[in-house]
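In the order they appear, the protein sequences are chains A and B.
All residue numbers for the first sequence refer to full-length UniProt numbering, where the first residue is 1 and numbers rise by one.
All residue numbers for the second sequence refer to full-length UniProt numbering, where the first residue is 1 and numbers rise by one.
Please note that the accuracy of each hint is not assured.
When chains are identical, the list treats them as one kind, so a pair holds in a single copy or across two.
Straight-line distance between alpha carbons at most 20 Å, and here's what the computed PhoX-like set of lysine-lysine pairs gives [stated by the list, open to error]:
#1 K424 - K523
#2 K402 - K59
#3 K371 - K530
#4 K72 - K158
#5 K163 - K72
#6 K341 - K329
#7 K290 - K27
#8 K165 - K522
#9 K72 - K169
#10 K39 - K57
#11 K165 - K72
#12 K522 - K39
#13 K39 - K402
#14 K72 - K39
Think of the hints as simulated: they come from the structure by calculation, not from any bench.
Protein chains: 2
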Amino acid sequence: MNRERSGGDTVAAGIWNKEKENFSRGKGISRKIFLQLEKPTEEDSRSYQQRILDGLKGKNIDSRMTIRTMGKLYPLCDQAEWEITVSLAWDGVQWWIVDAEAGDTTAFHYGYAVDMGSTTVAVQLWNCETGECLWEADSYSRQISYGTDILTRIFYCKDDPDKRKELQKASIDTILDILKEIEKNTGIGPEQCIQMVIAGNTTMIHFLLDMDAFCVFSTPYAVRADCPGFFGGTELGIPVKGFLYCYPGKSNYLGGDIISGVAAMGLHKSEEIQVFFDIGTNGEIVIGNKEFLLCGAGAAGPALEGGSVRTGMRACEGAVDRVTIQDGKVCCHVIGGETAKGICGSGIIELLSELFLHGWINFLGKLQPEKSSLIRTMDGLPALEYAPGLYFWQEDIDEFIKTKAAASTMVEYMFRESGLSLDKVSRFYVAGAFGKHVNKEAAITIGMYPDMDRERLVSAGNASLAGAGMLLMDKSMLNDLDEILDKMVYIQFGAVEDFLHMMVAAQAIPHTDMERYPTVRKKLAEIEEKNKGA
Amino acid sequence: MNRERSGGDTVAAGIWNKEKENFSRGKGISRKIFLQLEKPTEEDSRSYQQRILDGLKGKNIDSRMTIRTMGKLYPLCDQAEWEITVSLAWDGVQWWIVDAEAGDTTAFHYGYAVDMGSTTVAVQLWNCETGECLWEADSYSRQISYGTDILTRIFYCKDDPDKRKELQKASIDTILDILKEIEKNTGIGPEQCIQMVIAGNTTMIHFLLDMDAFCVFSTPYAVRADCPGFFGGTELGIPVKGFLYCYPGKSNYLGGDIISGVAAMGLHKSEEIQVFFDIGTNGEIVIGNKEFLLCGAGAAGPALEGGSVRTGMRACEGAVDRVTIQDGKVCCHVIGGETAKGICGSGIIELLSELFLHGWINFLGKLQPEKSSLIRTMDGLPALEYAPGLYFWQEDIDEFIKTKAAASTMVEYMFRESGLSLDKVSRFYVAGAFGKHVNKEAAITIGMYPDMDRERLVSAGNASLAGAGMLLMDKSMLNDLDEILDKMVYIQFGAVEDFLHMMVAAQAIPHTDMERYPTVRKKLAEIEEKNKGA
């Protein structure tokens, strides 16, 4: 996927505009400074290096120079008549002069933000001088050829350094592919960019940095490294001028992608209580404000991404992504407009919501054959034909309900633990590629999202990528991260005794306790009323 | 040259012992720390990285970890049952954990000191845990194939980046050659060493770091870079675990080798006034104490290193290095004990001193044929046959006198400028390979060294190399360097109007002003007395 950022893009736009508002030139983790220096004389024969260091000191910037830059100073400075622009890269502790160019090139100041997902890697090219995102592109991860799920990949290279190197190379090559794509579209390549900020889950960062990731999923869940910090781009063969920065993680399941998302949404700065909920194959939830951050993570299951559903698929061409039931017919919207090939997560949610509201499934999710001729036995099992030749089986529904139950139980559990109620929550952010496309109303109806004020339920889009971009532009976020990591109190759901009991209670539509879903109850009452009238 | 350091080595021993006295474990720019850590549990699932960072914090060390080290932690920590040793490298601002090893390996803590001379490169391998120098080896620089003198090399690669790369490679390969030699003798290679400190003159550092060095010798003498500081060994392909550090320079002619020497001798800390004088092809002089440092530099000429003298040669096998005149005969000591092939600097100084004391040359250095049948016309010019078939011509003497006049004028000038007298000097260090072998008495007799208390005239040996080793073992020297550079007031002799007049006055043996050489005058009087008696 490849697109020029218009600023009007649906979901990420919120964060994007938020970022723009706060943008302040020269506050990022890279800088470009134009210097007009006096040329050397016998009276003032300070070295080329010293003249530049002194020039920056005159602008209150203490810095060091890389030897690569030292090698560039001659004949550059003389040819440019000592009017030069230096590129500065922050390494977490100090500024490094990582490049020098003739003339005033401050307008050409770029950096990358990367969201390193298990399936998809997304990169944004930013103009760090104006705070504009110039381009965004993504691509499937090359890691997929080592397994679609993370565990397969981890086992592939476990205790085999050579194979671990393969995974690392796949990670790096995926990034390089996208950088090339961006360069093709913008003319701006990595050599013109100073910094790259990467947000990824713990396993992805382990693979990227050539670390064994078995620890992420095996007791006692102590990962190899969670604070990679800044390191030279050349160490990984990504030829930016300055450094790569990886967002730190909190624990095995709460990686840099979540920290990045939380930082982007600003939970840690909020006066009011906010929730950050990222759901996909795994679910991660953070609830808190500037006083506290309670967080949890657990497996949700592949159902939300169309896995485990027989005709499930990712949200790409041919996938049913919107469903309504009208006049006894199932009406599907298909991505790309062609014949439906399967159904993706957002389609499943709408399908289930519609089935439930029309009584085609009961509150336990069981298909009611008497309600429609589209519900019939197929391959010996009850199933719904939602599109010509495409079926949604009872077991698909059961699987999905387990997944949504896991997701909603995480939320429920966290609220119980914190002693808070949803009324107190000013923003409930749902993040992730999945959260971006889902129909809020449908997700509430089936009990996947809590029943709350729709205004306060916000699709955050790719918050991890947004956080990466924001850090590029705002060095002070590094301090926030220490604060976030420090404040976060982590609960591993697997360790909670009554989690399973809670999850069973959530395995109804919307929930066994209908008190939790007043708007759904109201909706059902209205439908009943209408049916009575008909 | 290759030798195990016994500690009893003639000249450097002084510095060496001085260093040993001040040695304090754990104060260097590298450290090895043994950690006994708790292994991860579900209750304490801090990352491997964090456990180590916390372990060091418990020892009051804040540090960062390289991604290379992160990649090593598994299975290392588990296999070692969490008893590991980390290698720490200082980068000028912070400690980096650059390696982790199983068990307690603190005893295996090594580093390199390098003196990067134009002709010879010398390397010492240090045990940084005990403050012992384990081995020293040197080698001709591979740069020599691009020209024996520096200017030829500079012009070879001027404005040609590819050729500059050749010079850089020659510099690095010379170091690598010597490291191999040291490894052959000690079993310790660069991968086991943490840091490398390099002291070299400005041109050598420019070549090493791939910088154009034409600036060193051309007006306005603003060099490209004079404070390279710390940088990754891998950046130059020198595979130490941590960093390379290059001593900073003060100016074009006062490079890191001199700063290193001054730091080693401790002029900047001395209550009393001291002099540091390094003579070779160029002469550099620093005079001062903890209050001030006045310094100067200028060309001395190649005569001191056996250049420009027709039968001159470096101090290697076959070179006459000691000379006496007895019973009308010239008695030569030859390095290696074989037939003399030529004469080196220290031999020339003794020869001239003997010729003068025996009246074979007058105070202007002119040969007196009536004094010996060994003085005769050869190739149409007056010459002395100092060894069978080997001649020292009148023009060789003239050339040498010019050189020694340049050297002694530097000293004279500096004293005049500072308004000081030699009586006030507690130590007069003569450094450099040349200073190491020269006969003090002879050098005073011919007026190359000032006529002063012999006790206070100290051969410092390779002070530049000594300073490199000391910095390896003493991080606080980095602060001293800022102080030294700050205090140094530099006088470029070429710019001094009456320098030439002073030099002409010094072109006599020992000097036109005999008042300056009371002990030589006394010696001459004694000889005259003896001759009268005979």
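Do the hints match the structure? See the list:
no., hint, result
1, K424 - K523, "neither (24 Å within a copy, 102 Å between copies)"
2, K402 - K59, "neither (59 Å within a copy, 49 Å between copies)"
3, K371 - K530, "within (17 Å within a copy, 138 Å between copies)"
4, K72 - K158, "between (43 Å within a copy, 14 Å between copies)"
5, K163 - K72, "between (38 Å within a copy, 15 Å between copies)"
6, K341 - K329, "within (18 Å within a copy, 109 Å between copies)"
7, K290 - K27, "neither (22 Å within a copy, 42 Å between copies)"
8, K165 - K522, "neither (56 Å within a copy, 78 Å between copies)"
9, K72 - K169, "between (30 Å within a copy, 18 Å between copies)"
10, K39 - K57, "within (17 Å within a copy, 46 Å between copies)"
11, K165 - K72, "between (33 Å within a copy, 13 Å between copies)"
12, K522 - K39, "neither (78 Å within a copy, 55 Å between copies)"
13, K39 - K402, "neither (72 Å within a copy, 36 Å between copies)"
14, K72 - K39, "within (16 Å within a copy, 48 Å between copies)"
Going down the numbered hints, you'll see the structure goes against 1, 2, 7, 8, 12, 13, while the others check out.
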